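Protein chains: 2
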Amino acid sequence: MIPILENIAKYVTLTPEEQELFLSKIEIRKYKSKTVLLHAGEIATYTYFVNSGILRSFSINDNIMEHILHFACEGWWIGDMYSYIAQKPGNLFIEVIEDAEVVLISKEKQNQLYLEIPKLERFFRILSENSLVAHQERLLDNLSLTAEERFEKLCKKYPSLIQRLPQKHIASYIGITPEFFSKMKARLLKK
Amino acid sequence: MIPILENIAKYVTLTPEEQELFLSKIEIRKYKSKTVLLHAGEIATYTYFVNSGILRSFSINDNIMEHILHFACEGWWIGDMYSYIAQKPGNLFIEVIEDAEVVLISKEKQNQLYLEIPKLERFFRILSENSLVAHQERLLDNLSLTAEERFEKLCKKYPSLIQRLPQKHIASYIGITPEFFSKMKARLLKK
DNA sequence: CGTCTATTTGAATGTACTCAAAAGCGGTGG
DNA sequence: CCACCGCTTTTGAGTACATTCAAATAGACG
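Protein chains in written order, with this note's numbering: chain A, 994 to 1184; chain B, 994 to 1184.
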């Protein structure tokens, strides 16, 4: 079974014809690690679904510090939502962390799909709602937990993903410097 | 014009009949300041749209510290999205900050509306997407900016709302203690 | 094998927190 | 109308969590 159709099937049921139509609108591409699919300042043309590998989205402030918004491995969606929906230059980079096979949906094709398969409107509504809930939780975690607690929570939530990420990226995701992350880790191991 | 219909009209066009149907599914209630519309631990039955006044959503950790997720004044939506979509006990409180008139939509009625007026599926998709973008930006702000910068950004973004909020709530929203907020404010005034 | 990047370690620093106490303010009842 | 009570805001001292900068070490990859 095609992963992206499985993903859609979690929330809405497409007929075989609809599935065919959907597949005719998407592209599948492979990317090597470190490839940048979207640069800050560009207008996002695509939303991405990951078949294999890992992607990340991040912003850079003062041309120095990277801050990771999101990771996406197998079965996850990723993109610069702001730029994609507003069709204005965004602040996010989308980059490959681990060699990846990615499904691309263009804004244009997605709008066609909304009209041709109204069920997809529901699907992407549910997707947005779930993502919103996750971001709200993460926001509250950042407001209320220490770096150590945020790290432990992340480990419990995505144990297998953590092991595939360089720790500077984990540090960036939970909002601390790589140096502090290293010290924190040493402290945790002593327990 | 009825505010909530105006809000919907921003993104989708309802026929007069659809508007009537929509209005038949909602409730309008008035609440005094400090009323709690939803307690943590309860299952959220409603999503709220604010006609007048101000509401806030927040969580409490360790039974001590409050952390504000969201404010909503005239024309804004608010609720415990997690609890509402999962229909499980949530972690958020929804409370009135300033005497308010609120439109309530129940989960049940909303599901009916999705079937009766598919355009609303689109409307709430767009609403979720916009909210997601706002939360992503706030998350990145919390990762990359100092409390002072977050405060200045908030002031620029919602100048009129700020003036209606007690500063302990602003402090909580940007993720600092009321004491530190007070000191920070004194520092900013000296400039 | 060498180069480049990631991680570790340490010292000094900064941002924000905790606790405590005082001052300010707002609403309520007498 | 004012006095009081409770809550919010301010101020200060001491502390904790996390950063910066620098340098050493370890790892990854061509």
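Quick caveat, the hints were computed from the structure, so don't treat them as lab data.
None of these values were measured; they are calculated from a predicted model.
Don't take each hint at face value.
Partial chain A-side listing against chain B, Cβ under 7 Å, derived [unchecked claim]:
1) A1002
2) E1059
3) Y1075
4) I1078
5) P1111
6) R1115
7) S1121
8) E1122
9) H1128
10) Q1129
11) L1136
12) S1137
13) I1169
14) T1170
No more than 30 Å apart at the CA atoms, straight line, and that leaves these computed lysine-lysine pairs for DSBU-like [stated by the list, open to error]:
15) B:K1081 <-> A:K1150
16) A:K1100 <-> B:K1025
17) B:K1025 <-> B:K1112
Examples of chain A residues lying across from chain B (beta carbon under 8 Å, computed) [unchecked claim]:
18) M1058
19) S1124
20) L1125
21) L1132
22) L1133
23) T1139
24) G1168
The C-beta atom is built at its ideal place from N, Cα and C for all residues, glycine as well.
Subject >> Indices of hints not satisfied (ascending) >> reply: Per hint list: 1, 2, 13, 14, 16, 17, 23 violated.
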